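K.L.:
Residue numbering for the sequence shown follows UniProt numbering, beginning at 1 and increasing consecutively.
Please keep in mind that the hints were generated in silico from the structure rather than gathered at the bench. All figures in this text were calculated on a predicted structure; none of them were measured in a lab. Some clues are possibly wrong.
[Claimed, not checked] Straight line, CA to CA, 25 Å or less: simulated DSS-like cross-link-like pairs of lysine-lysine:
#1 K102 with K113
#2 K74 with K102
#3 K102 with K70
#4 K113 with K70
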Amino acid sequence: MPFCIFQIYLLNLIDTPGHVDFTYEVSRSLAACDGVILLVDANEGVQAQTVSNFYLAFASGLVIIPVLNKIDLKLADPDAVKEQLFNLFDINPDDVLMISAKNGTGVAEVIEKIIEVIPSPAKRSFTDRPFRALVFDSWFDKYKVMS
């Protein structure tokens, strides 16, 4: 699908911590998502938090877009990391997008893939599961401390 310059898309992105100590925060963020970008460092490869975050997204039934970042680094080994993704998660190496966020290589392809495979909230059907929402209220009172 060529990048469509004639339509405007609104993408709400939630950047979650990749560290394993923040698994709870990641799980809360996933509850608000329709899909995820599984971003893996092409230099470091799959880490413990990558495995944890993949299975959280998979268990939530989310569309997962695998992306390798930092392909511009001298020690990057994209083929080895693609093999890791295949061995651990059965992700087809041909489906893995490769980018360099530093110089912009491949970023347009990631945006195209998001538009192509992650369902739009307007097109999604809620007949397969009940509607859920998080409602909260806050107000300022100069005499009370609210937490």
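K.L.:
Taking the hints in turn, state whether each one holds.
P.N.:
Structure-based check of all given hints:
Taking the CA atoms of K102 and K113, the gap is about 19 Å. The hint holds against a cut of 25 Å. This hinted pair checks out: K74 and K102 have alpha carbons roughly 13 Å apart, not beyond 25 Å. Of the pairs offered as hints, the one joining K102 and K70 holds, with about 7 Å between alpha carbons and a cut-off of 25 Å not exceeded. Between K113 and K70 the alpha-carbon distance is near 19 Å, which keeps this suggested pair within the 25 Å criterion.
Taken one by one, the earlier hints all hold for this structure without exception.
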